[in-house]
Amino acid sequence: MALLEIKNLKMDFGAGADALRAVDGVSLTIGASETVCLVGESGCGKSVTALSIARLVATPPANYVGGEILLNGQDTLKMSNGELQKIRGGVVSYVFQDPGASLNPVFRIGNQIKESLKLHRPLTRPSATLSPAGGEGRGEGVRVLKNVITDYDTEVIRLLKLVGIPAPESRIRNYPFEMSGGMQQRVMIAMALASEPKLLVADEPTTALDVTIQAQILDLLSELKRRLGMAILLITHNLGIVGDMADRVAVMYAGQIVELSPARELLRRPLHPYTKALINSVPKLAGGASRLSAIPGNVPRIGNFPPGCRFAPRCPIAKPECSEKIPELLEVEPGRFVRCPFWK
Amino acid sequence: MWSFLFKRLLHMIPLLLGVSLLTFLLMAMAPGDYFTALSQNPQISPETIANLKAKFHLGQPWYVQYFYWLKNILHGEFGYSMAYKIPATALIFERLWNTFLLSFFAMIIAWGIAIPLGIWAAVKKDSWADRGCSLVAFVGLSVPDVLLALLALWFAAATGWFPVGGAQSPIHDLLTPMQQFWDCAYHLILPALVLAAADLAGIMRRMRSCLLDTLRAEYVTAARARGLGEGWVIYKHALRNAINPLLTIFGYSLAALLSGAFIVENIMAWPGLGRLTIEAFFAKDSYLVVDCVVMATALLVVGNFIADLMLAWSDPRIRLK
Amino acid sequence: MESTPPNLNPIALSPWQIFWQRLKRRRIAMIGGVILIGLYLISLFAGFVAPYTHDRLDRDRFFHPPTRPQLEGFHLVVPRYEQQPGNFIYHAVQGDTQPIRFFVHGEKYKLFGLIPASIHLFGTGDDKYPVYLLGTDQFGRDVFSRLLYGSQISLSIGVIGILLSFTFGLIIGGISGYFSGATDTVIMRLCELIMSVPALYLIISLRATFPPSMTSAQIYAMIIVILSFIGWAGMARVIRGMTLSLREQQFILAARALGQSDFKIIVRHILPNTFSYVIVAATLSVPYYILGEVVLSFLGVGIQEPSASWGLMLNAAQNTEYLKNYPWLLAPGAAIFVTVLAFNFLGDGLRDAADTKSI
Ligand SMILES: Nc1ncnc2c1ncn2[C@@H]1O[C@H](COP(=O)(O)OP(=O)(O)O)[C@@H](O)[C@H]1O
Ligand SMILES: [Mg+2]
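Residue numbers (the numbering used here), protein chains in the order written: chain H, 1 to 344; chain X, 1001 to 1321; chain A, 2001 to 2359.
Bound conformation, chain H alone:
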């Protein structure tokens, strides 16, 4: 059983006549310890898809009209609030785009991390006769037994050290505004890891940071993944970082997945015209001479999607029939899915 299985997810903003389809039939699986990248231009629905995993999009305005999201085999769309609170942090943790905005400005970072610890890994007295660490939940699906900790402060310091924050002992009493953006993002990552999740969702974790810091944060994520072995869903609109991080890549366009492939093959031989265009628009430092091409036109806005294939108006190989029917996402080669009949 895969860790996460999104099946044909459909979500609207608004209801009734004003409903705007933001996510339209997204299916995606992530295995344990797998890294999947979700790429696409901004506004295509990456964030709302990712937030939906722990049902973090407010309903209303959001409205789930179809599909299911199986996390450890349980549908999060059907969960009660209590169950949701357990899986949030407990199974899936989030790192957001702007660390300055995602840390609460009026609390010390140590206390904010501690909050997660208290919730998901309450102190166990040394005398307690609990089963040893590492034991799996007793078939309850989402219940996971965490490593035992005996002291919050020590654990917070260990976590801060883990994410590469120098002098963590003095840092725990800092307020977010006393740290740089890169450090703040490390704190966010430490906070996400505090609850020992199975899946880490990083929603454009580097977009708001300086270029030099971006690489450091991505390195940190790879390193943590190697050591801790959780699965990662990395969202980005930058194909350049995909090759180093991802096992598989899902390319999203206007609320739909248009291509889903193992990372290396996708980069070497993209099949969907949109993926090709995306790859061509990434500046390459090495290749120098290769022509850089912007994709003509704009991402269609939600509620304003063209009929048929949504990429057709911008597609270099579009044919008249493209605007008639939405093409299916088909497995054209083992493990490679494309939503375009003319992929060859």
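Simulated from the structure, these hints should not be mistaken for lab results. Beta carbons: idealized from backbone N, C-alpha and C, even for Gly. One or more of the hints may lead you astray.
[Said to hold, decoys possible] Pair ranges (Cβ atoms, derived):
id, chain 1, residue 1, chain 2, residue 2, range
1, A, Phe2251, H, Arg301, 24 to 30 Å
2, X, Tyr1068, A, Ala2221, 30 to 36 Å
3, H, Thr59, A, Arg2025, 23 to 29 Å
Please arrange chains X and A with the ligands on chain H, whose structure you already have, making use of the hints.
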């Protein structure tokens, strides 16, 4: 934080000086003075008037008068009320205390009701409760203080449940201390309620919008994403942040409160600074008017300073800088 | 999707059209606007709509209760009221009625203060059967008529005061923000000074600088001057802030690079960019000017008898005996409330439509 507070404190001095100078200038521009009326009185000889004038430096240019006035103030002397024929200091402080009492209780009532209501409306956004609260607040915002005070007066007169104006009953001095306390409270309730009602709607709307703003913040989503319960998210993470903008509007609300108190005092015969100002104005007791204006401003400025203190305490970004 | 009507395309609309479309969708704002148009129209034609003039004394009918028109057949009629000897209690005399007629001849007045006329919208034409829709006051004057005449003062002070103080606020704030430096410091300190005195205390001090007895027109002008003297400061501060941020923007730099004069840049480029804020703020501040006049007149230092203004009329209601027995004297309070509410409705809608969140 200390430098921030120190700066604020230092800021108060030129402000109060400026306000006193401005009012003094205005009073100097006023046609006639207390003695103009006095000199119409045939029973008072011109010599007496001239003596009195000299005593109060009224013959001198206004800046000399201002200088004397300032000198007195620095000695804690508010001069002599020409209309009341008593030293102004005691009079001013008694009225100041009354205005403070009225405003303070009104503030406690207003904030005590408005804050929970605002939170409730924000948490239950778009529910019928929220719409109802918002509509009532909106309508309440449009009821002028004057009308509200008159309605309260009417209510008191029609039902007889409350005293019709005044700060104490005529037999106040004959009562035991305990009875005196209840007598004061009994007289205070209605004016304080009127003043509070005039302020309530605005604060409630502010509270609601501040909390809604923070509930939209990314750190609230991030807190939810960590699995924190909804109550914890709202009352700890969001509310704690919504307090800061609310504290910054405290100053505005205090200014409105003092202007409101001016009206309530005059309609409901509450012997505060506002009433004294009008009395002094009609008596052409210009020193007393200046004193009142400066004291009212001081009340506002000190109130704002306290709000700054609270903000510095509440917001680490200010506290640690 | 091709069936999308073209006017839904936001690019095809000017900012004003978008604004208007958004405003039209806010029903409350439209209600507020319609009420205001109605109020100002009535106030403009006060002499015609009011059955009596503002200073007509009916010495036989002090504290006359509001007349209750009745339907008799197809006619609206008013009964004759008889006073109980010795006090101000009146009873309608059954069966003794006169029909209300429209466009009747009555007292002379001047429409818009210019055109002499004597036609009134309604009345009985018979002084024994007066139509006192809102009763009479302690001098036997018709409260309804005085309300209408009073609205001419109360409503116009709001608009003129706003125009005056916002003009000053805009210009001074624009100058302050654009030049910064010493000019800016001085102006801002002055604003701070004015804003740090609780408004009514400052109003009274300002009032003291004027002579106690003046003509109605002088008092009217004085109230506007006083209220504007206080009002410009807040506006200037906000405009200064906006100017400061606008000043650094590309199009201003471009204009300066083209060698346009400072004054031209302020008037042509900076101020127009603050207009949506200004319009919203102006609408929401009109009530303060109306209330300023009300309070001044109420306290006896504003409009004087026998002129009518809403504040002055409320002054009579301050007497608890009057208040208890003749509650119709509170009618001006209701008028103030409706006006302020309408301005708030409209202002709130304008703010949402203009999307200026910062107010
Ligand atoms: N709370 C919301 N209400 C209405 N529309 C929304 C909301 N959040 C996101 N959307 C819309 O959903 C679409 C997808 O947004 P998002 O998932 O944030 O895109 P991205 O791929 O850049 O992360 C966008 O068109 C956005 O405008
Ligand atoms: Mg996003």
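Status of each hint after checking the structure:
Restraint check, Phe2251/A to Arg301/H: a C-beta distance of roughly 27 Å satisfies the suggested window 24 to 30 Å. At roughly 34 Å, the beta-carbon separation of Tyr1068/X and Ala2221/A lies within the given 30 to 36 Å, and the hint holds. Under the hint 23 to 29 Å, the C-beta atoms of Thr59/H and Arg2025/A, about 25 Å apart, fit the expected range.
No hint from the list above goes unmet by this structure.
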